[in-house]
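Single-letter residue listing:
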Amino acid sequence: AQSVTQLGSHVSVSEGALVLLRCNYSSSVPPYLFWYVQYPNQGLQLLLKYTTGATLVKGINGFEAEFKKSETSFHLTKPSAHMSDAAEYFCAVIPGSSNTGKLIFGQGTTLQVKP
Amino acid sequence: DAGVIQSPRHEVTEMGQEVTLRCKPISGHNSLFWYRQTMMRGLELLIYFNNNVPIDDSGMPEDRFSAKMPNASFSTLKIQPSEPRDSAVYFCASNRGPNSPLHFGNGTRLTVT
Numbered sequence: 565a566q567s568v569t570q571l572g573s574h575v576s577v578s579e580g581a582l583v584l585l586r587c588n589y590s591s592s593v594p595p596y597l598f599w600y601v602q603y604p605n606q607g608l609q610l611l612l613k614y615t616t617g618a619t620l621v622k623g624i625n626g627f628e629a630e631f632k633k634s635e636t637s638f639h640l641t642k643p644s645a646h647m648s649d650a651a652e653y654f655c656a657v658i659p660g661s662s663n664t665g666k667l668i669f670g671q672g673t674t675l676q677v678k679p
Numbered sequence: 004d005a006g007v008i009q010s011p012r013h014e015v016t017e018m019g020q021e022v023t024l025r026c027k028p029i030s031g032h033n034s035l036f037w038y039r040q041t042m043m044r045g046l047e048l049l050i051y052f053n054n055n056v057p058i059d060d061s062g063m064p065e066d067r068f069s070a071k072m073p074n075a076s077f078s079t080l081k082i083q084p085s086e087p088r089d090s091a092v093y094f095c096a097s098n099r100g101p102n103s104p105l106h107f108g109n110g111t112r113l114t115v116t
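Top to bottom, those sequences are chains A and B. Under the numbering used here, read the first sequence as residues 565 to 679, first letter to last. Under the numbering used here, read the second sequence as residues 4 to 116, first letter to last.
Bound conformation, chain B alone (with noise of 0.2 Å):
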């Protein structure tokens, strides 16, 4: 079991940059989470999946942001135009369905100059 993959680990851009952050899930997780970490407002739930459809866009905070899952083992979350109050740690976390655990990726930390 290689966990919930991320890619990158770490994005530095400039503002007004296109970012693309990549996850891909356990093996047989059929539920697909994207969080964002910020030392203001802590764990935030910005959008999640089940058998690759998106359930709740709810925390997505502009149009700015969208997410797609394309297939079982793929996911992105995407920004574009991105903005310095962006900057966050991004987590995606995958699980086998609703009451089971979590498991989440190791993170990837987004810096927009």
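One chain only, chain A, in its complex shape (with noise of 0.2 Å):
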């Protein structure tokens, strides 16, 4: 079966440190893969997404991710955590043997930052 793992569900830095959100994915065909981020009390945003094409994918509010086929890996950094970055970070992967389109999402990471 396809799976997500986020390694460490909590996550601490200090504001200005650089933020590394671990992702691992078991895939036999390279997946679709996605950094989604949510606020308290709101829905999950996209951040940023890897489809095709350039292994490192910038996403907004300075994220960015490299997926590495080698390590099955799909890690989340910004070189500098802000204050307004506190939020539980998912990953999530659509299968590249799925035609339906179904999101498989880790188990989140909480970021705290702090001042």
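Read the hints as simulated data drawn from the structure, not as lab findings. Predicted model, so just to flag it, every value in this text is computed and none were measured. Cβ atoms here follow ideal geometry from the backbone N, Cα and C, with glycine treated the same way. Do not take every clue at face value.
Below, in silico cross-link-like pairs of lysine-lysine (DSBU-like), each with a Cα-Cα straight-line distance of 35 Å or less [said to hold, decoys possible]:
(1) A/Lys678 - A/Lys632
(2) A/Lys633 - A/Lys678
(3) A/Lys666 - B/Lys27
(4) A/Lys622 - B/Lys81
(5) A/Lys666 - A/Lys633
(6) B/Lys27 - A/Lys613
(7) B/Lys27 - A/Lys622
(8) B/Lys81 - A/Lys666
(9) A/Lys633 - A/Lys613
(10) A/Lys613 - A/Lys632
(11) B/Lys71 - A/Lys666
(12) A/Lys613 - B/Lys71
Computed spacing ranges between beta-carbons, pair by pair [to be verified]:
(13) B/Thr114 - A/Gln606: 17 to 25 Å
(14) A/Leu584 - B/Lys71: 37 to 45 Å
(15) A/Thr636 - B/Val15: 27 to 35 Å
(16) B/Ala5 - A/Ser634: 23 to 31 Å
(17) B/Asp66 - A/His646: 32 to 40 Å
(18) A/Leu610 - B/Thr41: 16 to 24 Å
(19) B/Arg88 - A/Pro679: 35 to 43 Å
Relying on the hints, combine the two individually framed chains into one complex.
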């Protein structure tokens, strides 16, 4: 079965520090990959996506992620954290073998940003 | 673009009552998804529709749950009878089709006492 693993349910960084949120997937065929962010009492918003082409993907709010097929990873990074980045982040995949668009989500990582 | 619209935002009901959650997808999107989010289970896909037709309802937990999509601009998720363990945030999402990003509504927070 396809799965998504986010390492670390909680990550805490200081304001201005590097943000690194880890995501690994299992898929026999390269999938489509997404990162979503959820602020309190809101729905999920798309941060960035990888479908094909360049493996380094830039998203909104200064976030980027790199698809590494050899490592089956799609880690999310941001060079300098802002207080406003505090939220829950979800990695998600549409398996490459899927023709339905059914999105599989990781368990989420809560990012805390300390002043 | 008004986004995906869900109603109500909050619902508090007593065990045994019927609950109906509503969703209006983004115009032009032909796939609609219902998710449930809890602390214990995270985000679970309950059911999704393509062109108003249910494609996969394997995530619907029990027969107490049912979902309909009578037309391209409206869907409902019904729980009858409701139970305390149904308490969660229910999200509706839509997209243009396979492999395109999902757009989420702000959710309905359901509390069953």
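Results of checking the hints against the structure:
1. A/Lys678 - A/Lys632: holds, 30 Å
2. A/Lys633 - A/Lys678: holds, 33 Å
3. A/Lys666 - B/Lys27: holds, 19 Å
4. A/Lys622 - B/Lys81: violated, 39 Å
5. A/Lys666 - A/Lys633: Measuring from Cα to Cα gives roughly 21 Å; hence the hint holds.
6. B/Lys27 - A/Lys613: holds, 24 Å
7. B/Lys27 - A/Lys622: Holds - the C-alpha atoms of A/Lys622 and B/Lys27 are around 30 Å apart, at most 35 Å.
8. B/Lys81 - A/Lys666: Holds, because 21 Å separates the two Cα atoms, which is no more than 35 Å.
9. A/Lys633 - A/Lys613: holds, 15 Å
10. A/Lys613 - A/Lys632: This hinted pair holds, its Cα atoms lying about 14 Å apart.
11. B/Lys71 - A/Lys666: holds, 18 Å
12. A/Lys613 - B/Lys71: holds, 30 Å
13. B/Thr114 - A/Gln606: 17 to 25 Å: The hinted range 17 to 25 Å holds for B/Thr114 and A/Gln606, with Cβ atoms some 18 Å apart.
14. A/Leu584 - B/Lys71: 37 to 45 Å: holds, 43 Å
15. A/Thr636 - B/Val15: 27 to 35 Å: Violated, since A/Thr636 and B/Val15 (Cβ atoms, about 43 Å apart) do not stay within the stated range.
16. B/Ala5 - A/Ser634: 23 to 31 Å: About 42 Å separates the Cβ atoms of B/Ala5 and A/Ser634, which means 23 to 31 Å is violated.
17. B/Asp66 - A/His646: 32 to 40 Å: For A/His646 against B/Asp66, whose Cβ atoms are near 47 Å apart, the range 32 to 40 Å is violated.
18. A/Leu610 - B/Thr41: 16 to 24 Å: holds, 22 Å
19. B/Arg88 - A/Pro679: 35 to 43 Å: holds, 39 Å
This entry does not satisfy hints 4, 15, 16 and 17, going by the numbered hints stated previously.
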